[in-house]
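Can you make the complete structure from the sequences, with help from the hints?
Position 63 (the sequence shown) corresponds to 89 in this note's numbering; numbering is contiguous.
Don't read these hints as lab results, they were simulated from the structure. Please note that the accuracy of each hint is not assured.
[What the hints assert, rightly or not] In silico SDA-like links for lysine to any residue, alpha-carbon gap of 25 Å or less: (1) Lys106 with Ser48; (2) Lys38 with Lys59; (3) Lys29 with Asp75; (4) Lys38 with Gln120; (5) Lys38 with Asp75; (6) Lys38 with Ser48; (7) Lys59 with Asn78; (8) Lys38 with Gly77; (9) Lys38 with Ser98; (10) Lys64 with Asp88; (11) Lys29 with Lys106; (12) Lys29 with Glu83; (13) Lys106 with Glu41; (14) Lys85 with Ser48; (15) Lys64 with Gln120; (16) Lys29 with Val40.
Please read these numbers as outputs of a predicted model, since none were measured by experiment.
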Amino acid sequence: MLKPLGNRVIIKRVETEQTTKSGIVLTDKAKEKSNEGKVIAVGPGRTLDNGNVIAPEVKEGDTVVFEQYAGSEVQVGDEKYLVISEEEILAIVQ
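Below you can see the structure in the form of structure tokens.
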């Protein structure tokens, strides 16, 4: 499994079925990637210049919305994950 460093977060993208206005279901190649995902792992937080660490606002299990082109996609085994910095997370879905 991946262990994020600093203020990075590991996210598993939540794939949603996308349809057109006329009701046609889009194939994987035609649809846009979702910008919603579930937090899998969280780093220890951001370290300030004075050495203090700011704890992350998200926790494992949270469902979040992040910037459309955020982070780097990595593959571990058969699973694809997104590694992003906490600043690229826009909101927690409640």
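What are the numbers of the hints that this structure violates, sorted from low to high?
Checked against the structure, the hints that fail are numbers 1, 5, 6, 7, 8 and 14, while the rest are satisfied.
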